[in-house]
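Participant: Take a look at the letters that make up each chain.
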Amino acid sequence: MSGGAEPADPVSAAVASAFRDERAIVLATLIRQAGDFQLAEDAVQDAFEAAVAVWRRDGVPANPGAWITTAARRRAIDRLRRNRSVADRAERLAELTRLETQHEEPSMEDETTIVDDRLRLMFTCCHPALAMPARVALTLRALGGLTTGEIARAFLVAEPTMGKRIVRAKRKIAEARIPYRVPADEELLERLRGVLRVVYLIFNEGYVATEGDRLVREELCDEAIRLGELLCRLMPDDAEVWDWRR
Amino acid sequence: MSQYMLLVYEEEVDSAVQAEREKVTPTLLELHASLREAGLLVGVQRLRTVESATSVRVRDGQTEITDGPFAVTKEILAGYYILDCADLDEALEQAARLPMAGWGTVEVRPVVSAEEWVEMARQAGVDVSDEAINDLA
Numbered sequence: 001m002s003g004g005a006e007p008a009d010p011v012s013a014a015v016a017s018a019f020r021d022e023r024a025i026v027l028a029t030l031i032r033q034a035g036d037f038q039l040a041e042d043a044v045q046d047a048f049e050a051a052v053a054v055w056r057r058d059g060v061p062a063n064p065g066a067w068i069t070t071a072a073r074r075r076a077i078d079r080l081r082r083n084r085s086v087a088d089r090a091e092r093l094a095e096l097t098r099l100e101t102q103h104e105e106p107s108m109e110d111e112t113t114i115v116d117d118r119l120r121l122m123f124t125c126c127h128p129a130l131a132m133p134a135r136v137a138l139t140l141r142a143l144g145g146l147t148t149g150e151i152a153r154a155f156l157v158a159e160p161t162m163g164k165r166i167v168r169a170k171r172k173i174a175e176a177r178i179p180y181r182v183p184a185d186e187e188l189l190e191r192l193r194g195v196l197r198v199v200y201l202i203f204n205e206g207y208v209a210t211e212g213d214r215l216v217r218e219e220l221c222d223e224a225i226r227l228g229e230l231l232c233r234l235m236p237d238d239a240e241v242w243d244w245r246r
Numbered sequence: 001m002s003q004y005m006l007l008v009y010e011e012e013v014d015s016a017v018q019a020e021r022e023k024v025t026p027t028l029l030e031l032h033a034s035l036r037e038a039g040l041l042v043g044v045q046r047l048r049t050v051e052s053a054t055s056v057r058v059r060d061g062q063t064e065i066t067d068g069p070f071a072v073t074k075e076i077l078a079g080y081y082i083l084d085c086a087d088l089d090e091a092l093e094q095a096a097r098l099p100m101a102g103w104g105t106v107e108v109r110p111v112v113s114a115e116e117w118v119e120m121a122r123q124a125g126v127d128v129s130d131e132a133i134n135d136l137a
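Protein chains in written order, with my numbering: chain A, 1 to 246; chain B, 1 to 137.
Please note that the accuracy of each hint is not assured.
[What the hints assert, rightly or not] Non-contacting residues of chain B with respect to chain A, defined by C-beta distances greater than 10 Å in every case (computed):
1. P26
2. D67
3. A71
4. L92
[Stated by the list, open to error] Which stretches of chain B does chain A cover? Using the computed rule of at least three CB atoms under 8 Å from a CB of chain A, they are:
5. 39–52
6. 78–89
[Unchecked claim] Now the in silico label distances, taken between C-beta atoms and shown as ranges:
7. A:N63 to B:G61: 49 to 57 Å
8. B:Q62 to A:Q45: 35 to 43 Å
9. A:E159 to B:R59: 35 to 43 Å
What the hints contain is simulated information worked out from the structure, not anything from laboratory work. Predicted model, so just to flag it, every value in this text is computed and none were measured. The beta carbon of each residue, even a glycine, is placed where N, CA and C say it ideally should be.
Chain B on its own, in the form it takes in the complex (with noise of 0.2 Å):
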């Protein structure tokens, strides 16, 4: 067995086209169910949009944090880690302890919790049950 990471890009929307394409929750829910039973995922989680980002590179012992994501197209995506964290402080802080972040950029994302994606669904007027938390992500 390998395993593979599915990275899941899309364009940005306003918040009318947003509150149709939650519609597809019950669609993921269903997904989610099925691979889990044939025991292929491992874990799935939604980021929060891009506005929320934050890079933070090193330079010359220095910590450079600015808002937005990377914009370097050089620069390819070469792993990835989840942390928790107390808050966005706390994140940066520890993204400027990696190597990587002496060469590269590493990009700060908020996840959104399993809690707030039924939520958001629910706001888009898909009706989704309580145990979905559990199923979702």
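For reference, chain A alone in the conformation it holds in the complex (with noise of 0.2 Å):
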């Protein structure tokens, strides 16, 4: 992190520091095994706020991350207990209480889980069946971890108006079942196309900036370069994604 006033204490800076490395993994994770955007991001927040005051009362656990995950899939089985509305809730259930069971953790030092998710969540978010603004917002939410204000700033909109893009993204999701997986090779092409707009639309929106909160808005630029780069990790076969870059 450059400049930004860092928390001084230890406990605050662990719980930053999981937020800004492990958030985007722990989300897609969860996603993918609740089957549901705003379930999993609302337990997420959950897990992070809990880890403010347990791990000041426990001390910070060996692997953050490890235990951010175990802490948002008990507040995902929570909050799905006490939702009764949820479609397939009954199964829903039943999966995540069979990963709780498991003592091992899917080992997160897997590196291609971790990337695949991340990439996973990110055609997710940038499905073209979503419109233009709200694969933005939500690929700055779920991989970016900014909130609906920082975005709402840095679009130049209200935030009531960027709430409602992303709520409604969310519903779209979950109501007209928009699958959470990356696309069959034939369709990948003309997906990575959208994905790459939305990438370059955040980086343009930080670079051309000169109005609005000026440190979100490098942040955009900071994220588009570090989205960009993550799929030339992925996909280091196309050329467009290295084009990109220059």
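Combine both chains into one complex, guided by the hints.
Facilitator: The following block contains the structure:
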């Protein structure tokens, strides 16, 4: 992190660093396991809030990512138990509970799994059945961890407007069953164009900034570059991905 | 005997007004039962809100997918398909196979399952029996 005032106490710093490094992976994993974007996002948020209190009491765990993953899954189970209106509720609860009773976490060191989940998340956020502004907003929220307020400021729209867009997009994902998967090879190129456009829009929004909150906009550039590099690593053979970097 | 399609149009309303509308569920149950008894009912399904709609067009061999319902008023409803698909991607893929997508638009709308329909009515405080799942749709 450049410049900004880092929190002084080690617990806050550990939570902030886990948020930055682990959130997208934990979220992607939980969306896949729970099959629900909103539920997963709420549960991950709960887990990070809980981490502040628990880590202060018990100390920072050796593997913060694994701690957050487990805590988030338990929160997801709690939320599912309370919410009777969710379709396939029983099925989802069974799957989450099964994972809960497994002793071994699916190895967090397994680089390919992690990379794959992030890629799936990116393709879900950038699905062509979602309107372009919604794709950009969802990508920033899911992969960049930006708040609705930050995204709204960066794109110079009112926060409730951005909030509505995000809520609507998530509802469409659930209701229309937009799948959480990397598209088949033959669709990949076409989809990738859309994904790249989103990343490009995010970069542009940060780069062209002449007004608004400058800090957030620098963050947009950084985020776009990070997403672009991620795509380069994931799809090293695609010329357009590399082109984009110039 | 001829077959007729009854297309239901309504304005989308906020959740409070929608909850009020769900109260017609018992009336619908009776209506569907009487239509069935008279041998008139071929099928009835409820669609999800237009917010979950996606439009598919094929132009110059390229599939164009857009968020939202079709919006060209010159185009008229010409027919329909009900498909069982694993997810939206499969539905969009099949929609693009229709030759009509080459000159018109295929609007893809998720159908509300009977279970969900009953659940929606219950959420709105309407007392519906479990058997309604078989009778409603």
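Participant: Does the no-contact call for A71 (chain B) survive, Cβ to all of chain A over 10 Å?
Facilitator: Per Cβ check, A71 (chain B) is outside 10 Å of chain A; nearest 13 Å; holds.
Participant: Assuming the hint says 35 to 43 Å, is it satisfied by the Cβ distance from Q62 (chain B) to Q45 (chain A) or not?
Facilitator: Holds, at about 40 Å.
Participant: Quick check: the region 39–52 of chain B, covered by chain A? Criterion 3+ residues, Cβ under 8 Å.
Facilitator: holds (count 4)
Participant: May I ask you to test the hint 49 to 57 Å on the CB atoms belonging to N63 (chain A) and G61 (chain B)?
Facilitator: With a Cβ separation near 50 Å, N63 (chain A) and G61 (chain B) satisfy 49 to 57 Å, so the hint holds.
Participant: Note whether the CB distance of E159 (chain A) and R59 (chain B) lies within 35 to 43 Å or breaks it.
Facilitator: Roughly 37 Å apart at Cβ, these two residues keep to the hinted range, so it holds.
Participant: Does the claim that D67 (chain B) lies off the interface hold, with its Cβ farther than 10 Å from every Cβ of chain A?
Facilitator: The claim is violated: D67 (chain B) sits with its nearest Cβ about 4 Å from chain A, within 10 Å.
Participant: Against chain A, does L92 (chain B) hold up as non-interface, every C-beta pair farther apart than 10 Å?
Facilitator: For L92 (chain B), whose nearest Cβ neighbour in chain A is about 7 Å away, the distance does not exceed 10 Å, so it is violated.
Participant: Is it correct that the beta-carbon of P26 (chain B) has no partner in chain A closer than or equal to 10 Å?
Facilitator: Its Cβ never comes within 10 Å of chain A, the nearest being 20 Å, so this holds.
Participant: The region 78–89 of chain B covered by chain A? Criterion: 3 or more residues, Cβ-Cβ distance below 8 Å.
Facilitator: As far as the region 78–89 of chain B goes, the hint holds, because 4 residues have Cβ atoms under 8 Å from chain A.
In this structure, the earlier hints numbered 2 and 4 are contradicted, and the remaining ones agree with it.
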